[in-house]
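J.: The whole structure should be built from the sequences, with the hints applied where relevant.
Going down the list, the protein sequences come from chains A and B. The opening position of the first sequence corresponds to residue 1 in UniProt numbering, with each subsequent residue numbered one higher. The opening position of the second sequence corresponds to residue 1 in UniProt numbering, with each subsequent residue numbered one higher.
Keep in mind that the hints were calculated from the coordinates and are not lab data. These numbers were taken from a predicted model, which means no experiment stands behind them. Do not rely on the hints blindly, as some may be mistaken.
As the list claims (entries may be wrong) - Sample of chain A residues facing chain B (criterion: CB under 7 Å; computed from the structure):
no., residue
1, V19
2, Q201
3, N202
4, A203
5, L263
6, A349
What the hints assert, rightly or not - Over the 12 Å line for every Cβ pair with chain B, so calculated as not near, a few chain A residues:
no., residue
7, L48
8, S114
9, G130
10, G361
11, F366
Every residue gets a Cβ at the ideal spot worked out from N, C-alpha and C, and that includes glycine.
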Amino acid sequence: MKGQCDMATTAGMEEYETVRARIAGQFTTEKDIPKAIFSDPAIYREELKRIFRGHYWHMVAHRAELPEANSFKTFWLGETPVLLTRGEDETLRAFVNTCTHRGTLLEQRATGCSKEFECPYHRWLFSNKGNFIGGPGRRDFRSDFVAEDYALREFQVDEIAGLIFCSAAPQVGLEEWLGQCAGHVRDVMLDDGRLTLLGYQNAIFNANWKTYFDNDFYHAPLLHMGFRLLSWHGGQGEVRVEEPVGHFSVGYESSPYEDNGFLADPSLVEMKGTDARARVVALRPAYVLTKHLDTISVRFVRPLGVDRTQVTYAFFGHESDSPEYQAHRVRQASNLLGPSGMITIEDAAVFNRQQMTSRDGGMSRFVVGVDRPAAEARQNDENGNTAGWAYYREVMGFDR
Amino acid sequence: MTADIHMRAVSAEAMSAIDGLMGNYVAALDWQDWNGWLGSFADSCHYSVTSRQNAESNLPLCYMIDDCRARIEDRVKFITEVWASTIEPYRTRHVTQRLSVSRMDDRNYRVLSNVVVMFTQNNDPSGVLVTGYYDDVVTVDGGTALFASKTVYIDGTPTRYLAYPL
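T.: If you want it as structure tokens, here you go:
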């Protein structure tokens, strides 16, 4: 069995190396991206290994989704099932959500509350600390059986203001990974991270996960007719580009909506809170957080193949919200900034329409502001994108 | 869903008005007659689209919340004036199945219906956009029926992003 796995891995590496070498000749700068990067299955499979099972920190949950001791949440990190638990000791832990016996998916509920997880196949039992507790017929287990060897495979977990990240093989701590963007992450979490979950909106885009991410956090306001018709101007925000990884964030103050008569009900876009911070934070490899007006949103991403991506938009309020304010947050979140949002719906069309052309042999190019150093990036420059692409070239071996 | 399958004390006239409303509603959506869609709601009205995931977890977020007529008017305005050149358009075919009608008072009826929405983009093969159910309050006045509220519960993730109401 081991031999078969090794052969498969070797074959995969050979296939990737062939593809890498072919594309590398075109992929000589982070400003010009060969579209094959978005459509080649061998690249996608290698990304799962180097990025989703590699050293990146992945934004996977907020504590509000695990509201009490013994809560859990399941999700997928690339194609790896993950079980995230909140122990009685308040420690967050993440495991491969797979029974260590025959590999059955261990927990199939999306969320819940449990101290233990039982595999339905042979009734092996695991604690929410990942330990093997026991299973029927233990006296007949193989002679070299040691319970510790059968604990659930664990990820590193860390959090910032209640926002939870995990990594299979981190090279640096989370704070260092986020760098100067960490401050904007805390801003979105309203500093203390004492958020309440308002709910989810789910969407599946017919786009590679990089096509989704590359076009979700950045675009000139030209795309969004809604912004212009509502006379919204973000102004010149404070832009941060964290090198070498390429996180991007921008912060500015929300300007109050001036009723221009366009909306029959302008109350939808009013800001009723006192926190005027507006933030867009884009964390490599694929995660976006936003605070606009009274909405707080984080977007979890699951690649479903080379050209399909599931995005879960989770929206939050704050524990201190009055019922009236929470209702306003819900109303605004439900209508403005999700996959069907009045402001953001055009994004989805761009994701899909870019992916449609990803097999035409051409290039996707970054042009605007890319000659400026990242430290001088402006809000609608494309050098927020190129910084991340430079890192991607390195991680995926296109720089050699 | 707490389907009351007994159609208690619902007159034939009221039932006819309710069925007429359901037919007009679906036709308005499928022929993209947005003023017709708007016209199926009462002056005081509420329209929302949410997921069973949120509803069953008591999470209030929806895909769409139009909690007054002005909001529904604004949704029509965005579809017809703002998004027309940017979103990927699609045609729909709503198939509904009335499950129950319950009389709430002299004028109002609670109506539960299953709904399957097929969609066709460009001239591609058609697919399922969503499955789910409607939980409606219909106000009947004489032979006329209008939605006082319409809540759409969708069973899972929409096959593509929703641009139009369901």
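J.: The structure should be examined with respect to each hint, and the outcome stated for every one.
T.: Hint check:
A distance limit of 7 Å between C-beta atoms decides the matter here; for A/V19 the minimum to chain B is near 29 Å, and the interface restraint is violated. Evaluation of the A/Q201 hint against chain B yields a held restraint, the C-beta minimum of about 6 Å falling below 7 Å. A distance limit of 7 Å between C-beta atoms decides the matter here; for A/N202 the minimum to chain B is near 4 Å, and the interface restraint holds. Look at A/A203: its Cβ gets to within about 5 Å of chain B, closer than 7 Å, so that hint holds up.
Given hint, A/L263 at the interface with chain B, holds; its Cβ is 5 Å from that chain's nearest Cβ, closer than 7 Å. A cut of 7 Å between beta carbons decides the hint on A/A349: the least distance to chain B is about 5 Å, and the hint holds. Chain B leaves A/L48 outside its interface by the beta-carbon criterion, the shortest separation being 21 Å against a cut-off of 12 Å. Distance to chain B confirms A/S114 as a non-interface residue, since its nearest Cβ pair spans about 16 Å, more than 12 Å.
Remark: the non-interface label on A/G130 is consistent with the geometry, its nearest Cβ contact in chain B lying 26 Å away (cut-off 12 Å). The non-interface label for A/G361 is consistent with chain B: the shortest C-beta to C-beta separation is roughly 23 Å, beyond 12 Å. The claim that A/F366 is not at the interface with chain B holds, since no C-beta of that chain comes within 12 Å of its own (minimum 22 Å).
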